[in-house]
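Number of protein chains: 2
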Amino acid sequence: MIGRLNHVAIAVRDLAAATRIYRDTLGAEVSAPVPQPEHGVTVVFVNLPNTKIEFLEPLGENSPIRAFLDRNPDGAIHHLCYEVEDIHAARDKLVGQGARVLGGGEPKIGAHGKPVLFLHPKDFCGTLTELEQA
Amino acid sequence: MIGRLNHVAIAVRDLAAATRIYRDTLGAEVSAPVPQPEHGVTVVFVNLPNTKIEFLEPLGENSPIRAFLDRNPDGAIHHLCYEVEDIHAARDKLVGQGARVLGGGEPKIGAHGKPVLFLHPKDFCGTLTELEQA
Numbered sequence: 001m002i003g004r005l006n007h008v009a010i011a012v013r014d015l016a017a018a019t020r021i022y023r024d025t026l027g028a029e030v031s032a033p034v035p036q037p038e039h040g041v042t043v044v045f046v047n048l049p050n051t052k053i054e055f056l057e058p059l060g061e062n063s064p065i066r067a068f069l070d071r072n073p074d075g076a077i078h079h080l081c082y083e084v085e086d087i088h089a090a091r092d093k094l095v096g097q098g099a100r101v102l103g104g105g106e107p108k109i110g111a112h113g114k115p116v117l118f119l120h121p122k123d124f125c126g127t128l129t130e131l132e133q134a
Numbered sequence: 001m002i003g004r005l006n007h008v009a010i011a012v013r014d015l016a017a018a019t020r021i022y023r024d025t026l027g028a029e030v031s032a033p034v035p036q037p038e039h040g041v042t043v044v045f046v047n048l049p050n051t052k053i054e055f056l057e058p059l060g061e062n063s064p065i066r067a068f069l070d071r072n073p074d075g076a077i078h079h080l081c082y083e084v085e086d087i088h089a090a091r092d093k094l095v096g097q098g099a100r101v102l103g104g105g106e107p108k109i110g111a112h113g114k115p116v117l118f119l120h121p122k123d124f125c126g127t128l129t130e131l132e133q134a
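Heads up: the protein sequence lines correspond to chains A and B, in order. Counting in UniProt numbering, the final residue of the first sequence is number 134, and the numbers go up one at a time with none missing. Counting in UniProt numbering, the final residue of the second sequence is number 134, and the numbers go up one at a time with none missing.
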């Protein structure tokens, strides 16, 4: 069912510092910051040859990553995102096997403009797992 | 400098359970377990179209991931591994920029039989970062 690893998301307090580390120290191609107020984050994309790293910085008072950063002040990997062909078919299969879909179970439009859903970390090896319709 | 994301490593207490989740629930291609006593882990590889997930289970009394799992009993992402062309050149550039290389700074032969080194998480956005010579 799952296909490509679409991205690894790393939450940080300071996107400019993360950009310096990945662009200047690690020599990667890093995008300009992209504010996504509807998701409560500003995002920077690190374009690797085979996948992306996405750095997330809190945006606004109700950012969904603020509490995570309070627990992980140095930053930390926040989630993995896998591509699926059909998000509703994936959801139905997962729910049928007892996996918990966060946020009511209906796919929402994610940060890339495609339908996504998030799976409960306790059901997936302690890892917050996003599925995105490719 | 960094190239492909070689793998995402997830530490778990129970490789068989992780295999069931990724093979049966997520429908991915999962290898048989590979004991690596010289690294203190048993590894299962999840082969995605563009990269790998590597599940690590402690092997032996002195496994380097045992304390990590004590802190993360559900499992958790342990590190990211990026490929580099020349591990010594990468090390020299990183040390020159003030980054800390773990374990004395000399590359060692890693789990894939290639030279690797690990970078201090506090210098890399709270993420334990492995470099592997491709």
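Hints should not be assumed to be uniformly reliable.
Since copy identity is lost for identical chains, a pair holds within one copy or between any two.
With a cut-off of at most 27 angstroms between alpha-carbon atoms, the simulated DSS-like pairs for lysine-lysine come out as follows [to be verified]:
1) 122 to 52
2) 114 to 52
3) 93 to 108
4) 114 to 93
5) 122 to 93
6) 108 to 122
For the record, the hints were derived by calculation from the structure and aren't laboratory data. Please read these numbers as outputs of a predicted model, since none were measured by experiment.
For each hint, the structure was consulted:
no.	hint	in the structure
1	122 to 52	both (24 angstroms within a copy, 21 angstroms between copies)
2	114 to 52	both (16 angstroms within a copy, 23 angstroms between copies)
3	93 to 108	within (17 angstroms within a copy, 43 angstroms between copies)
4	114 to 93	within (19 angstroms within a copy, 39 angstroms between copies)
5	122 to 93	within (18 angstroms within a copy, 39 angstroms between copies)
6	108 to 122	within (21 angstroms within a copy, 34 angstroms between copies)
Hint compliance for this structure: every hint is met.
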